[in-house]
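Undergrad: First to last, the sequence lines map onto chains Y and W.
Positions 1 to 136 (this note's numbering) are the ones given, in order, by the first sequence.
Positions 1 to 425 (this note's numbering) are the ones given, in order, by the second sequence.
Any given hint might turn out to be false.
[Said to hold, decoys possible] Computed Cβ-Cβ distance ranges for the label pairs, DEER-style:
#1 Leu368/W with Thr111/Y: 53 to 59 Å
#2 Val72/Y with Arg311/W: 38 to 44 Å
#3 Glu145/W with Thr105/Y: 40 to 46 Å
Treat the hints as calculated values from the structure; they're not laboratory data.
Even for Gly, the Cβ is constructed at its ideal location relative to N, Cα and C.
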Amino acid sequence: MRSILTLFLIVALGAATGCNARGSVAMRAPEMDMTLSHKPSPAAHPSSPVHSISLPHDEAFAPPGPGRDAFVTACVVCHSPRYITSQPPFSRTVWKGIVQKMIDTYGAHITTTQAAEIVGYLAYTNGAHLIGGEGE
Amino acid sequence: MGSLRDDQSTPRDVQRTGGPSGSSNAKVTRRTIFRFAAQLAAGLLMAGREDGSTLLPQSSSSEVRRMVRFPEKRELILLTDRPPQLETPLHYFRQDFTPNEAFFVRWHVAGIPTHVDTGFFRLQVDGHVQRSLSLSLDDLRRHFEPVSVIAIAQCSGNSRSLFEPRVAGGQWRHGAMGNALWTGVRLRDLLEAAGIRAGAIDVSFDGLDEPPLASIPDVVKSLAVDRAREPDVMVAYEMNGEPLPILNGFPLRLVMPGWYATYWVKALSRITVLDRPFDGFWVAKAYRIPNNPEGAETPDHLATDTVPINRFTVRSIFVRPEPAEQVAMGRSYEVEGVAFDYGAGIRQVEVSLDNGVHWMDARLDPELGKYSFRRWRYPWSPRARGPHRLMVRATNNDGAGQPTHHWNRSGFMRRVIEDVQVNVV
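Make the full structure from the sequences, and use the hints.
TA: Next up, the structure:
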């Protein structure tokens, strides 16, 4: 049974990757300034081994729902929607606390109006009501 | 296969179909397959229990997890993509050493290093020292004694998805850990080369990752200077005899055997000796646990006194059978798993087949090192068909065991007696 499940997940992955071949997303500039001193010139290392990867573009889709625009505008700049979709359903109170933490702790650029919309969106798309719990 | 008619429009189904870029055909295919996979998984989990109740899937449908392949990696379980959090499938723990390509991945901020020129790379050692150092990878290999240790890197939140009530954060099962042979230099030797000045208090560690917003605190960790000088703390340039994968911290990673991986700073580029207590966010505010011996609290009584997370708890998990596995009736089956602790060493692992009434000793594999996985086995010949619940607990050489319940708000340092539900057919 498990092998069947695994097989289907593999097939699903194949299907999924088929539309993700859009190239990688540059996460940061390739040149990294590691040190401020003693930096050799590039010419001094003609054969410097450069280790480099390209991250796959595999972002989750933000599900439709009221407040989605505010979510996509304010949240996805720092992290993928999968930070929401991979979480268990939480009550509105929990989501509100998480949004507030993003503002207070991480300095997310979220206005008061946006925050209310985002909390509503998270509670709608991944709220406790989905598992029969209290919506609030 | 599930009908597509009944699952057209709920938000949860749309999100499972992935990104907006797919053709409609691809969406239908993927949705159908995911639904089928989810039903299969749910069917397996909903087998009746002995007490007549139904075992519901712990995770909601949105948490059906998929496999992905990132650079230098085999297929791993996708938790998040940006920044990446990838979990090691359980079956890799049937090996003593977790392959680099299968080793879990966890970054905090989206600006992760994807490009390192080893010709330019320097490890800085600075701050409250007699002489600042700027060390190339060659310098580390040539001028410092190489040392090796077998040690488990385990995320503070490993197994978080099993906490009840559920808590926010990476929804790991048991695969946010791995066992590897780490080779590098002693941190102590680097600090001695720089010469710690009198009055040093903490040592901080910074990697190449950068937050996407200036307001997000850079990921910097710290140790008390005496802890940093202990001989088992390493700066590793190899993992299982190879350079580290970039996603695991190439070219250098701090290795803290027996301590949670939050301290194992990846792509380590700067070590700073401080003459004051480190007050950075990732130690002063994040990765803190209730200040009691159990690291425990309850939702109704959250601890107000907290301390930075530190060493591992005693743990033992089942590696085989896996959850919902079907086991053949009447045939000998080798149950196996891994146990580990913070370095005292595992003394005993016990398995129960009757909900904890009787406990039988598992056979321990030879010890590979006090910070390594201690693999264990238990021969089982199931004599009755139907659902079975197996339990496992470990005791270490300090006499520390495992409780039946443990919770904290962050889902850190899971320590409870684990179980696995299987079906004998």
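Undergrad: The structure should be examined with respect to each hint, and the outcome stated for every one.
TA: Hints versus structure:
1. Leu368/W with Thr111/Y: 53 to 59 Å: Given range 53 to 59 Å: holds, Cβ gap about 55 Å.
2. Val72/Y with Arg311/W: 38 to 44 Å: Once the Cβ atoms are compared, 41 Å apart, the range 38 to 44 Å for Arg311/W and Val72/Y holds.
3. Glu145/W with Thr105/Y: 40 to 46 Å: 41 Å, holds
Hint compliance for this structure: every hint is met.
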